[in-house]
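Please construct the entire structure, taking both the sequences and the accompanying hints into account.
If you're matching them up, the sequences are chains A and B in order.
Converting from the first sequence to my numbering requires adding 193 to each position, the first position being numbered 1.
Converting from the second sequence to my numbering requires adding 100 to each position, the first position being numbered 1.
No lab work stands behind these hints, which were simulated from the structure alone.
Since the model is a prediction, treat every value here as computed from it, not as a measurement.
Note that beta-carbon positions come from the ideal geometry of N, C-alpha and C, so glycine has one too.
Warning: the hint list may mix true and false statements.
If you want the footprint, here are the derived chain B segments under chain A, 3+ residues with CB under 8 Å [said to hold, decoys possible]:
no.	region
1	199-209
2	315-324
Have a look at the derived ranges for each label pair, beta carbon to beta carbon [to be verified]:
no.	chain 1	residue 1	chain 2	residue 2	range
3	B	156	A	270	35 to 43 Å
4	A	202	B	240	54 to 62 Å
5	B	282	A	238	58 to 66 Å
6	A	238	B	127	39 to 47 Å
7	B	155	A	260	20 to 28 Å
8	B	141	A	259	45 to 53 Å
9	B	281	A	202	24 to 32 Å
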Amino acid sequence: MSIAFDALEHARQAAGLSTADLWVRYFGLGGMASDHELIAYMSGASQPSRIDHDLIAQALNEEFSAQGRDWPMAYTRP
Amino acid sequence: MPDTSNGFPELSESISRMAGILLSEETVDEILQLITSLALRTVPAVTAGSVSLIREDELTTAAYSHDEARVVDEAQYEDKAGPCVEATLNGSAQYVRDVGEAAHWPGFKTAATAHNFASVLSLPLAAGKARSGALNLYASQADAFDERDQEVASMFAQQAGVLVANAQAFSDATQLSENLRTALESREIIGEAKGILMAREQISADEAFDVLRRISQTTNVKLRDVAVKIVESTQRRSRDGDPT
Chain A
194 MSIAFDALEH ARQAAGLSTA DLWVRYFGLG GMASDHELIA YMSGASQPSR
244 IDHDLIAQAL NEEFSAQGRD WPMAYTRP
Chain B
101 MPDTSNGFPE LSESISRMAG ILLSEETVDE ILQLITSLAL RTVPAVTAGS
151 VSLIREDELT TAAYSHDEAR VVDEAQYEDK AGPCVEATLN GSAQYVRDVG
201 EAAHWPGFKT AATAHNFASV LSLPLAAGKA RSGALNLYAS QADAFDERDQ
251 EVASMFAQQA GVLVANAQAF SDATQLSENL RTALESREII GEAKGILMAR
301 EQISADEAFD VLRRISQTTN VKLRDVAVKI VESTQRRSRD GDPT
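In structure tokens, the structure reads:
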């Protein structure tokens, strides 16, 4: 299964989060990847694991929700 | 870089005083005050000076030698026009040799004339590409700044730019360490909640995360807060004697 990584990067920009901010939030949710790895995921240079993808999606959804928006990021499982 | 240290002894002294300081906003304002008064002492033509800074997307006067300078700055912010606005936004030095001829900046012209300023030099504060504000020097004589004055003034503006950039880095670093502390707390409580779910439901760590994020999404509650509730309810249950 291929996950749309462009979507993550697109959403990060739409949420107005810097990559550094996004990493801090991902880390706060329990993520284990380094900031450099996260940058590689966002640029598509490497693929996040299923759970890393969902952690990033969760961090983005929480930001969208805080801005009064929907939860646009899909997870890898229902 | 040309060695100007012999030519401008006060400047090199003031630069060495500024070196190596990391700064809060209050400290920045104090040092900008110092830069303004040093510029005033060093460039004889100047009668008043100020530093305009962009803070929270608005231009504001962070330091000034005389109230008149602040008032003329503010007239420019109001109109979004004038040498200090232009220097800040376009990053180029603005020299108004004769305020009387600045008809294209009417608000500035009126305010400057009312306070007996006849020429004005505004220099961008720039560190790298980022523009942060301007050093504004006001003189009661028209055409008061010769080439050397402009050169000295632009060195003060450069130093002020470096200072403001340092202060921004300091504030970013402080913010980052605060955010990291919050993230560590969140991470810990989420880890605890996952551990509880793993033991209770006989599931893996990843599955425990799935459970948390599903609750988070369906209830529109942050995952961290979902975790807090799970941990708290487990603590209550164990206090009440329920072994799960």
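A quick look at each hint next to the structure:
{"no.": "1", "hint": "199-209", "in the structure": "violated (count 0)"}
{"no.": "2", "hint": "315-324", "in the structure": "holds (count 6)"}
{"no.": "3", "hint": "156(B) with 270(A): 35 to 43 Å", "in the structure": "holds, 42 Å"}
{"no.": "4", "hint": "202(A) with 240(B): 54 to 62 Å", "in the structure": "holds, 56 Å"}
{"no.": "5", "hint": "282(B) with 238(A): 58 to 66 Å", "in the structure": "violated, 29 Å"}
{"no.": "6", "hint": "238(A) with 127(B): 39 to 47 Å", "in the structure": "holds, 41 Å"}
{"no.": "7", "hint": "155(B) with 260(A): 20 to 28 Å", "in the structure": "holds, 23 Å"}
{"no.": "8", "hint": "141(B) with 259(A): 45 to 53 Å", "in the structure": "holds, 50 Å"}
{"no.": "9", "hint": "281(B) with 202(A): 24 to 32 Å", "in the structure": "holds, 27 Å"}
Comparing the model with each numbered hint stated earlier shows that hints 1, 5 do not hold.
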